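Engineer: Sequence:
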Amino acid sequence: MRGTELQIAGAVNVKVLRLAATALVLAGSTAGCSTGYFTLEENPPAAACVAPHVSVEPAVARPGDEVTVRGVAMVDGCADAISVDEHGNQTPNETQSPIGSIDVILRTGEFDIVLATVDADANGEFEVTVVVPEGTPSGTMQVSTDVEHTEPDELEIVPES
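To convert, take the position in the sequence shown, counting from 1, and add 1259; that gives this note's numbering.
You may find that some hints are simply not true.
[Unchecked claim] Here are the simulated distance ranges between beta carbons:
| no. | residue 1 | residue 2 | range |
| --- | --- | --- | --- |
| 1 | E1386 | A1310 | 12 to 20 angstroms |
| 2 | F1370 | H1346 | 30 to 38 angstroms |
| 3 | S1360 | G1394 | 22 to 30 angstroms |
| 4 | E1353 | D1380 | 16 to 24 angstroms |
| 5 | S1420 | G1336 | 21 to 29 angstroms |
| 6 | E1407 | A1381 | 18 to 26 angstroms |
| 7 | P1317 | V1343 | 39 to 47 angstroms |
By construction, these hints were calculated from the structure, which means they are not laboratory data. Since we're looking at a predicted model, the values are computed, not measured. C-beta: ideal position from N, C-alpha, C; glycine also.
With the sequences and hints as input, model every part of the structure.
Structural biologist: What follows is the structure, encoded as structure tokens:
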């Protein structure tokens, strides 16, 4: 049993030595490389794609009240793959375009109500003020869009007074 333990320990030591040797070779091969002007603190890479999402204000309303719905990241495509030149300037490798004809939807749990149809601006954003339809049942609803993967926001509908 002791011989097996020594063999395993010897194999581990060999692997550790190989890993250390590889690290030294890599460090030596990059020793003359210049980092130029690029640092993560000064010029961070572009963020990964953000899922489309909406927010609604106020968060509590009655039928007949106005609420403002804002949408963000309403684009097709995902410009998160970038190239960085020697000066740290970033250039997207992909394109993204704002989405048009977006249905803003109130999801009651039983049925969906299209509150408005909007186009995203050049930044993939929209803002629209809508009226909560008369007869909308009380409860917590979701405000969303017909854009795939939209993260909704909640709207609490309280009874009409």
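Engineer: Each hint needs a verdict: does it hold in this structure or not?
Structural biologist: Hints versus structure:
1. For the pair E1386 and A1310, the beta carbons lie near 18 angstroms from each other, so the given range of 12 to 20 angstroms is met.
2. A hinted range of 30 to 38 angstroms is violated for the C-beta pair F1370 and H1346, which are about 55 angstroms apart.
3. Between S1360 and G1394 the beta carbon distance is about 26 angstroms. The supplied range of 22 to 30 angstroms therefore holds.
4. Take E1353 and D1380: their Cβ atoms lie about 20 angstroms apart, and the range 16 to 24 angstroms holds.
5. Separated by about 46 angstroms at the C-beta atoms, S1420 and G1336 break the suggested range of 21 to 29 angstroms.
6. In this structure the hint that E1407 and A1381 lie 18 to 26 angstroms apart at CB holds, the actual value being about 21 angstroms.
7. As the Cβ distance of P1317 to V1343 is approximately 43 angstroms, the hint placing it in 39 to 47 angstroms holds.
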